[in-house]
Amino acid sequence: MTGFYATRLMTPWRVGVGTAGAFTDLVLINGAERVREFKASSKPSDPAGGVVMALGLAARVCKTTIGELLVGFRQFIHGSTIATNTILECKGTRVGLLVTDGFCDALEIRRDNRESSWGHRLLYPPILVSRKFGRPIAERIGCNREVVIPLDEAGIADQVEVAGYHLPLPAVSIHAESEGGGTIAQLDSGGMTCANPDGAGALSGLAAYAPGESDPTVTDAQFVQGRLCSTEYAGGLIELMAGLADKAIEISIGKDTGLTTAGAAIGNVRLIEQCVVRAIEQVSIERGLDPSRFVLIATGAAGPISGAAKAVYGGVINDDGSSDQSATRFLRATYGEKSSRTKHNPVEV
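For reference, each letter of the sequence shown is one residue, going 1 to 349 in UniProt numbering.
Honestly, the hints are just simulated from the structure, not real lab data. For each residue, glycine too, the CB sits at the ideal point set by N, CA and C. Be a bit skeptical, because a hint or two may be false.
Here are the simulated BS3-like cross-link-like pairs (lysine-lysine), alpha carbons at most 30 Å apart as the crow flies [to be verified]:
(1) K255 x K91
(2) K343 x K43
(3) K247 x K91
(4) K132 x K91
(5) K91 x K43
(6) K63 x K91
Taking CB as the label site, the calculated pair distances span [claimed, not checked]:
(7) G102 x E337: 21 to 29 Å
(8) N345 x I317: 44 to 52 Å
(9) A333 x T86: 23 to 31 Å
(10) L122 x C143: 28 to 36 Å
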């Protein structure tokens with residue numbers, strides 16, 4: 001290595017990687033706590049490929065190889081929105097469910113976990129595995145964990161051949177909303193502007209930099225409204241072009257609503273901002289907390305723009321490294337380990 005990295009990266013460094021739908025962010029922190037950020041396009045078909053691309057970019061800047069870069073680190077933390085996006089967009093691979101005989105309806109019946117105990121007309125989120133893709137397996141374990149009916153392994157072999165979801169595991173409290181920069185802006189079945197939970201991702205991307213039939217996104221609407229400039233973004237990976245964003249919004253929203261391109265963009269931006277406010281209310285007011293007593297840290301590429309809507313309740317913190325703050329905070333945060341196990345307690349009836 002030469003130059004800055006030859007003198008500053010003599011001690012082991014730390015690597016933080018955040019994989020999102022459009023970009024993969026990599027943050028390198030050296031022994032002197034100096035930070036360098038890198039950004040590469042994500043690869044939906046191969047999420048690990050985006051990480052390798054980001055590592056390759058970091059290696060080139062550091063004038064070394066990926067192998068040497070990896071040998072020199074003492075901490076590598078990776079996080080991803082793939083799981084939450086899969087639930088939000090309901091785009092996961094079709095899967096089957098092997099379940100104890102007599103319990104094929106368990107997922108369909110579900111537990112009585114409702115947003116409102118009295119809201120009996122509220123719909124459950126779509127079931128993750130349809131009943132028609134479930135197959136019963138002959139086996140049963142008693143309340144004392146004894147095997148009542150042995151597992152029919154031959155039956156399993158035969159079967160294999162042939163988004164309000166509750167997670168029963170320790171996890172950080174997350175309230176997921178589809179309000180990122182790649183959220184597709186379109187009309188719903190009633191002709192009203194809506195925020196489609198589907199994201200443009202890395203393949204189609206924003207209409208402003210992907211000539212063709214790309215759907216307009218929240219970022220395109222922000223661009224048309226003048227909140228973004230025609231320049232390079234994502235470390236020079238993309239360049240936004242006003243004409244492409246205007247055309248996409250006009251075709252997808254403007255012509256069917258009679259709105260001007262600017263009017264359609266403003267409507268979509270206001271919708272997203274209201275979604276942000278609503279999400280804040282759900283995790284604060286609806287839990288008995290005063291949102292004005294908290295400060296919102298807006299992260300992500302689009303976070304600082306949409307996050308400004310929180311100002312109706314109080315403070316918002318934006319910084320110039322917001323687009324890769326997730327990867328940075330992986331390395332800044334304290335960490336620990338947590339384990340759990342099921343404990344069976346007999347109850348006398």
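Hints the structure fails to honour: As far as the earlier hints go, 2, 6 and 7 are violated by this structure, in ascending order.
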